[in-house]
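Build the full structure now, drawing on both the sequences and the hints.
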Amino acid sequence: MITDRVVLLLVLSVLWPSTALPFTPGNIGNLFGMPDSDGRTLQRSKRGWMWNQFFLLEEYAGNDHQYVGKLHSNMDRGDGNVKYVLTGDGAGSLFLIDEKSGDIHATKRLDREEKAMYSLNAKVLDRRTNLELEPDTEFNIKIHDINDNEPKFAKETYFASVPEMSEVGTSVATVTANDADDETYGNSAKLVYSILQGQPYFSVDSENGTIKTALPGMDREVKENYQVVIQAKDMAGQMGGLSGTTTVSITLSDVNDSPPRFANHSFRVTTVESTEIGGAIGRIKADDPDVGRNAEMEYSIVGGHDTFNIITDQTTQEGVIIIKKALDYESKRDYEFRVEVKNTYLDARFIHGLQFKDYATVKVTVEDVDEPPVFTRNPYIIEVHEDTAAGSFVGVVSARDPDADTKPVKYSIDRHTDLERLFNIDSVNGTITTLKALDREMSKWHNISVVATEINNPRQTTRVPVFIKVLDVNDNAPEFAMSYDTFVCENVKAGQLIQTISAVDTDEPLVGHKFVFSISATNPNFTIADREDNTANILTRRGGFSRREMSMYFLPVVISDNDYPIQSSTSTLIVRVCACDSRGNMQTCNPEVLPFSDGLTTGALVAILLCVVILLMIVVLFAALRRQRKKEPLIISKEDVRDNVVSYNDEGGGEEDTQAFDIGTLTHSDLCWAAEKTPIPPITSRPSPSRSPSRSPSRSPLWNPNSCQLLNCGSVVKWSFHSDVMILFTDRCVGQFGSFSSCH
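Read in order, the letters of the sequence shown correspond to residues -20 to -1, 1 to 724 in mature numbering (1 follows the signal peptide of the UniProt record, and there is no 0).
In short, the hints are calculated from the structure, not lab data. Treat each hint with caution, since some may be false.
What the hints assert, rightly or not - Under the rule of at most 25 Å between Cα atoms (straight-line distance), these lysine to any residue pairs were calculated in the SDA-like manner:
1) K304 - T287
2) K312 - T287
3) K337 - A275
4) K305 - T292
5) K80 - Q46
6) K132 - Q179
7) K88 - G68
8) K103 - T87
9) K88 - D78
10) K95 - G68
11) K387 - N404
12) K203 - R273
13) K494 - E512
14) K88 - L37
15) K322 - A243
16) K494 - T552
17) K50 - N110
18) K88 - T117
Below you can see the structure in the form of structure tokens.
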């Protein structure tokens, strides 16, 4: 920029040989105010032109510093008093200025792709005072681009796909490259795309890099993948331009353009007759070169089949043949049917002219296996009456060997199902009989298992349940349904209801129970009225009952059923006589009357009373014996012989101790013994301690109540017990005894 006093001169060493200041050709003099060719004095224009932008080529390869331009001020008289200073981007490092001349040089190679423009400030200073002679002037240095960068793709390899059989011109993918050179300057960044590899299948748009199909009918089943190389070249593709390449991997995606086909149109399958229903017996497979859902197939039997079915294994795309109905070698051994296969999903573009299905024939052969016996029925339900005697016929089961080569079968009962061994079976003909009599009231049903076994192959067995129902026979008599607590009031009137009774019967007649109740027609006290609903009312025949006359009545009631043969029983209803109020409410009954259980017979009641009487007699007798053993108190007399009692302080020992005491000193002259009785044997002295303690079995007892009789004994003075010998002392007699026969 030029002020009133300063002229800034820029010289471009490469692009412009003269000053960088704008001027009109031939008018250099106007820089200094000199007259032009017409003799007119020219005046300086004040900043009416632009000089503040300079240009510099990038990537300078010279040995010297690259010259940028020159700054010059009118204040500079060439005497060295003016100093030029440069500040801003890269000043002092990238750009240097000569303080005296104002020449600017670049010290390094500059890369436009790193920085395309630098902003700098120019100053003019007085060297002596360091004061500014001109205001700061800003200018730019723009780096001119050269073609030093090749086009680059973002990826080395791109992946794309296009459906097979696509029409020509179908877009596949677009790949673009970038060039770091200046797009606004020359053709350094103008790119042109071309295909180096991949023809004639694909083409590329030279301007935008869009890849398209170039060949019709590309079949994935023939070739699935293509490697296409795309080139991007700058300088508009002209010679000398730089280029870059990338690879595009293009895969043809599948479409359903191929139908399924059987490689073999006839299949043979073999299976055994014992294969379970739902079991697979074989697989068939069709081929489809498509992939994914386009290769999914469905198998079916043409026209259907009652014995076989076919389903599709979604994993392997095979047809699995399964059994719908049990096979029997003896009934049918060979089967044949036709199988159809077709795609699950169809593409409307390809169904015209192609049949997307195929057919094959399947032949199935059934092989024989050794099968277990088969019962004619399963299960068996048999009925038998409960009164059937042991050994009676119950029913027959039958089984056969289903194989073509029929084998004999034997029968048996699984005893785990007949623990009571109530039944038997004939091993040859399967006839079931009873081993014991059956009772329906104990068990209404018997569930047993019969086993049929091949005689030649015991491993081949079959079980069948046999349910035996025991039919009822009227073999139980009805009886009271419950125990009744019945009473009649003393003030009752004739015809008064005192009890309603009912009955139960464990039998089960076909038409239901019908019970008949009756009592003796001559009963003077009570009558009965059958209500025709298996209940009956007990009524009084008279009034005026009295507890004093009879506190309890035993009323036999006969109950009969209506089945065949008729069963009846007699139950006893006990009726107590009680005192009641005017409204018939019981107040008190005879407390001595015990509540007996219903149904007791008269004989049973008599036996109970007799037992009670005997028990009372035993108690009384025991009490009398206890009182007899209590004696009178001692009587002291002049003839008291208590001083003659010798105490030995010895107990126990048994029979040998009876010889240890000599009571001869106790002999009294007043003893009186019956002359006809045998006198008391003498008592020997006590044996020495060294004598064996064993008993002598031949020794006679000391006292025999039948040998003598104690008479006129007088008063009892004292009892003394030694072992099993009891000595009685009286005032006139002494005796040894175990018991008295009499004492007067």
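Checklist line | Restraint status (C-alpha distance of K322 to A243 at most 25 Å) | finding: It holds: about 14 Å lies between the C-alpha atoms, which stays within 25 Å.
Item checked: 25 Å limit on alpha-carbon distance, applied to hinted pair K88 and D78 -> 17 Å, holds
Next item on the list: Measure nothing beyond the straight line between the CA atoms of K95 and G68; if it is 25 Å or shorter, mark the hint as holding.
Entry: 14 Å, holds
Margin query: Next pair to validate is K203 with R273; report whether the Cα-Cα distance is within 25 Å.
Written below: Distance ~20 Å between K203 and R273 Cα, so the pair holds.
Notebook entry, point to check: Does N404 lie within 25 Å of K387 when you go C-alpha to C-alpha?
Noted result: Cα-Cα ~23 Å, so holds.
Check: Taking only the CA atoms, is the gap from K88 to T117 under or equal to 25 Å?
Finding: It holds: about 24 Å lies between the C-alpha atoms, which stays within 25 Å.
Notebook entry, point to check: Would the pair K103 and T87 pass a check requiring their Cα atoms to be no farther apart than 25 Å?
Noted result: 20 Å, holds
Check: Keeping to a limit of 25 Å between CA atoms, is the pair of K305 and T292 held or broken?
Finding: 19 Å, holds
Notebook entry, point to check: Holds or violated: are the alpha carbons of K304 and T287 at most 25 Å from each other?
Noted result: 5 Å, holds
Next item on the list: Could you grab the alpha-carbon distance between K88 and L37 and see if it respects the 25 Å cut-off?
Entry: Holds: K88 and L37 sit about 12 Å apart, inside 25 Å.
Item checked: Hinted pair K80 and Q46, Cα distance within 25 Å -> Distance of about 18 Å is within 25 Å: holds.
Check: Does K312 pair with T287 here, judged by a C-alpha cut-off of 25 Å?
Finding: 11 Å, holds
In this structure, none of the earlier numbered hints is contradicted; all agree with it.
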